[in-house]
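*Asks:* Fit chain B to the supplied structure of chain A, relying on the hints for placement.
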Amino acid sequence: MGALIQFKNVTKEYAAGEVKIRALDEVSFEIEKGEFVVILGPSGAGKSTVLNLLGGMDTVTKGSIIIDDVDITGFNDDKLTAYRRNDVGFVFQFYNLIPTLTAYENVALIQEVVKNPLDVRSTLASVGLENRMHQFPTQLSGGEQQRVSIARAVCKNPKLLLCDEPTGALDSETGILILSLLQKMSREHGHTVVIVTHNAALAPAADRVIKMRSGKVSEQVRNPAPVRMEEVNW
Amino acid sequence: MLFKKMLRDMKINRTQFISIFIMAILGVLVLTGLHAEWYGMKVESDRYYAENRLPTLWMMGRNYSPEDVKRVEGLDKVQATSRRLTVDVETTLPNQPVLRLNVVEENTLSKPHVVDGDAFDIHQQGIWLDHTFADAQGLKVGDVLTIKAMGLESQQTIRGLIMHPEYVYNVKDESELLPHPESFGFAYLSRESLPQSLPLPFNQILILTESEKDSEAVKSELERLFTGNYTAILSREDHVSVAMMDNEIEQNKAVGEVFPVIFFLIAALAMLTTMTRMIASQRTQIGVLKALGYSKRKILFHYVSYGLWIGLAGGLIGLVAGPLIIPPILFTMQKSLYILPNWYAALSPVDGISVVLAVLCCGASCYFACRRELTEVPAAALRPRPPRAGRHTWLEKSAFWQRMGFNRQWNIRDILRSKLRSIMAAVGVTGSMTLLLCAFGLRDTVSGVSSRMYGELHTYESRIHLQEDISQDALKAIEERVEGQWIQESAIEIAANGKEKTATLTVLGEGTGIVYKDEKNRVVELPPKGIGLSYKMAQVLGIKMGDTLKWRIIGQEEWITSEVHTLYRTPMGQGITMTEEAYKDLGKTLVPTARLAYKAFDQEDGLTGIKNVRAKDDLIRSFNTMLESIQMMIFILILAAVILGVVVLYNLGVLSFTERVRELATLKVLGFFSREIRSLLRKQNIWLTCLGILLGIPGGYGIIDFILSTMSESIDMQTKVTWLTLVLCIIITFVLSAGVNFMLSRRIKTIDMVSSLKAVE
Chain A
1 MGALIQFKNV TKEYAAGEVK IRALDEVSFE IEKGEFVVIL GPSGAGKSTV
51 LNLLGGMDTV TKGSIIIDDV DITGFNDDKL TAYRRNDVGF VFQFYNLIPT
101 LTAYENVALI QEVVKNPLDV RSTLASVGLE NRMHQFPTQL SGGEQQRVSI
151 ARAVCKNPKL LLCDEPTGAL DSETGILILS LLQKMSREHG HTVVIVTHNA
201 ALAPAADRVI KMRSGKVSEQ VRNPAPVRME EVNW
Chain B
1001 MLFKKMLRDM KINRTQFISI FIMAILGVLV LTGLHAEWYG MKVESDRYYA
1051 ENRLPTLWMM GRNYSPEDVK RVEGLDKVQA TSRRLTVDVE TTLPNQPVLR
1101 LNVVEENTLS KPHVVDGDAF DIHQQGIWLD HTFADAQGLK VGDVLTIKAM
1151 GLESQQTIRG LIMHPEYVYN VKDESELLPH PESFGFAYLS RESLPQSLPL
1201 PFNQILILTE SEKDSEAVKS ELERLFTGNY TAILSREDHV SVAMMDNEIE
1251 QNKAVGEVFP VIFFLIAALA MLTTMTRMIA SQRTQIGVLK ALGYSKRKIL
1301 FHYVSYGLWI GLAGGLIGLV AGPLIIPPIL FTMQKSLYIL PNWYAALSPV
1351 DGISVVLAVL CCGASCYFAC RRELTEVPAA ALRPRPPRAG RHTWLEKSAF
1401 WQRMGFNRQW NIRDILRSKL RSIMAAVGVT GSMTLLLCAF GLRDTVSGVS
1451 SRMYGELHTY ESRIHLQEDI SQDALKAIEE RVEGQWIQES AIEIAANGKE
1501 KTATLTVLGE GTGIVYKDEK NRVVELPPKG IGLSYKMAQV LGIKMGDTLK
1551 WRIIGQEEWI TSEVHTLYRT PMGQGITMTE EAYKDLGKTL VPTARLAYKA
1601 FDQEDGLTGI KNVRAKDDLI RSFNTMLESI QMMIFILILA AVILGVVVLY
1651 NLGVLSFTER VRELATLKVL GFFSREIRSL LRKQNIWLTC LGILLGIPGG
1701 YGIIDFILST MSESIDMQTK VTWLTLVLCI IITFVLSAGV NFMLSRRIKT
1751 IDMVSSLKAV E
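Listed in order, the protein sequences are those of chains A and B.
Position one of the first sequence corresponds to residue 1 (my numbering), numbered consecutively onward.
Position one of the second sequence corresponds to residue 1001 (my numbering), numbered consecutively onward.
Be careful, since some hints might not be right.
Okay, derived cross-link-like pairs now, DSSO-like style, lysine-lysine, Cα gap no bigger than 30 angstroms in a straight line [what the hints assert, rightly or not]:
(1) A:Lys-62 with B:Lys-1749
(2) B:Lys-1588 with A:Lys-20
(3) A:Lys-20 with B:Lys-1011
(4) B:Lys-1588 with B:Lys-1499
(5) B:Lys-1683 with A:Lys-79
(6) B:Lys-1749 with A:Lys-8
These aren't lab readings, by the way, just hints derived from the structure by calculation.
Just chain A, with the same shape it has in the complex:
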């Protein structure tokens, strides 16, 4: 049994017209179960590509990705969908809630696709929204919307919780709240959380930091004693 996530020599190329752009170049790393991981790097470094590949939203050009001992690189559309459905929770920069559904319904949506979801009410309570469950997204603040989105991701009890710049659209105070929530999810419920960000200040709070530059992993750091998110110096 290896690590939960194994990224092996992954190369990803995009064809932009005539030219090929190499977004990832022989990227390799491992992530252990239950880790709170931050992928750091400037824009264009390929960190989002890593996340998309991890989440089964995109396919690799070369190399392999092994999740829980299963190689997902050969998956077809249906298998990828099933993988997203059962194993991955997403949190996006722009929340991407369904505007026509209330907070509660946005989370309950998961019940439609997953066999054994967590209880919707208690999940929403765990992100501190027990009193605002029946509001529509537009009636919630940005931070609240992001919490709904976290609840939605967590509710399916995924193997992996992937967050793409989850604080990108929020002010720093709200951002810290959100990040602490994610850290708490990892610590208390044992979720494996991967956060993509360009904010280096988050690094001290992570179990593992993967730094990326120009499509390559430039540095990997194991952090034996991560600090609590609230103590991070912004």
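*Replies:* Coordinates of chain B only, in the frame set by chain A:
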């Protein structure tokens, strides 16, 4: 620079622009095409009538003298007069056709139009012959024709072949449904061709009044002046040929005016929403332009020009293509019935207006959409419009809501949240359902007319028309040999509520040849006293059961007052019907004009006095030929309805799809299978399609009713849509709608989750 931007924007959004383009073309094309057809006929017939100086009044009588003419000329508003002798003569041609011979004193009114041979000249010897008649008889210019007129046989050289404004619809009389050039034709004979010693009993005075409107006034003057000295005074609307042509134009106008307007409205509506949403999607760019310092006016102008160009280009193409494509198709039908010197499509100012409307529709929707975006400060415009808030609906309060499951909740909310989009989707379906039902229903209705007329109502097998001078012995012989029913049909005038209409009087002897039914399709008996009035005529005159009206047979002076005892509905032959008994009650006797034979009748030896025999099949065929041009028109409409339906539905579908890409991408990321998302969209589509169809059914019926009500006064059609048609229309609409949905939902697979979720927009 901005022009370049426009061209590129059009390229990027080509589906939308192409569909707007097509809708603009179609909307204008159908409108102008159908319009140009009847308008062309109207312009040409008006021109023909004016150029050949068609009279506005015909006074028929016996032997009018030059003094009579002077008296007519003395009347106010009379512009010109001319005496004419018109008489039906026999020829030595096989089949014994009837030739209606005209001899004129001078060629000033009602002039023939020569298509071959010499110009018509009253001072030249010879005969000028109806060219359709000549074709049917195999005669050409230079041939010699033997005619038997006024007791003498004479040989006449054919000098020319002609058309005539009085014979646009070339029938002998009202009882003939269709022109039969093999048995009837007309000719003009010059005065010179007849022996000078022969006195000519001019039996018609042709009168041209200063305008057609004056003819009624002059007519009543004539009636006063010539009391007892005329058999009939016809105005243009009483003249068979003129009336038939007008009728045809009216019918074409009825269908050609209502339908395309609805068509145009639907196209306009679709153009409007498409444009609005197109502009809304350019919100950020509007913000950028504004931030760059472009003036509001310049930006407005830029976006309005999108609509203007497309609308103008589409409209102009439609304007040119419509009259080029549609009228020639319809004219092929018309040409077999009507004889006009020229057939052309004519554009009227209305057609220009339709282009202007198409341009305005596109332009205005751009203008308003753009202005809405422009009211924001640049900073706000640069960010996407905040999503519209969801709202709790009354539905959710019910316990029912929780049990509905996500699919239904999502769909209901989605429909309610984007009301406009949902309404437009439903309206698109309603529109195509309405058009289809209207077109197919009209087809049913029109073809139902002949089966109603000759299947349900007229149950006899053939109609034996009698000669006017038939002897009593001959009548007796026919009565004994042919099982059937006597019928008298005469042209009458009806006056009631200040209105005067020409109509048909039908007097029926004992028998069962014709069944009468009321508007609820129940069989009614004709009363032994009083009269039965046709439903349409009652409507036109504003008369109810039990009211009285005045009528008289044309050519007679005595007005008869009768009480309406029965109302019956008949597709053709609007007027009064009564039993022989009731007719006797008025002190009159039935003078049969035809015998309705219960069994198929073959001309038997020994029976005389028979003018012609029309078997039922002939009647049905004639009847259907008459309705052919409408059928053709309906076919064009169906085709156009299907195309428009596809374009509108596809267009609305594409728009609502692109608007929802982000939501759909989210569902995809969350792990919904494509097929699950498709089923979600399909369900919404089915709901809206059902709603649209439900609304479209009364819409279709309503429009058919409306078109029928604007049709001519002589035809009474009842809206009739068979179940099969209804089901067919529903299926076609469903297939169109579902097909479009299917094509679009295939795109779900190709939604790029990454980019649709990342992009700010």
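*Asks:* Now, for every hint given, state plainly whether the structure supports it.
*Replies:* Hints and how they fare:
1. A:Lys-62 with B:Lys-1749: This hinted pair holds, its Cα atoms lying about 23 angstroms apart.
2. B:Lys-1588 with A:Lys-20: Violated - the C-alpha atoms of Lys-20 (chain A) and Lys-1588 (chain B) are around 102 angstroms apart, more than 30 angstroms.
3. A:Lys-20 with B:Lys-1011: Roughly 25 angstroms separates the two Cα atoms, so the pair holds.
4. B:Lys-1588 with B:Lys-1499: Holds, because 25 angstroms separates the two Cα atoms, which is no more than 30 angstroms.
5. B:Lys-1683 with A:Lys-79: Holds, at roughly 25 angstroms.
6. B:Lys-1749 with A:Lys-8: The hint holds at about 28 angstroms.
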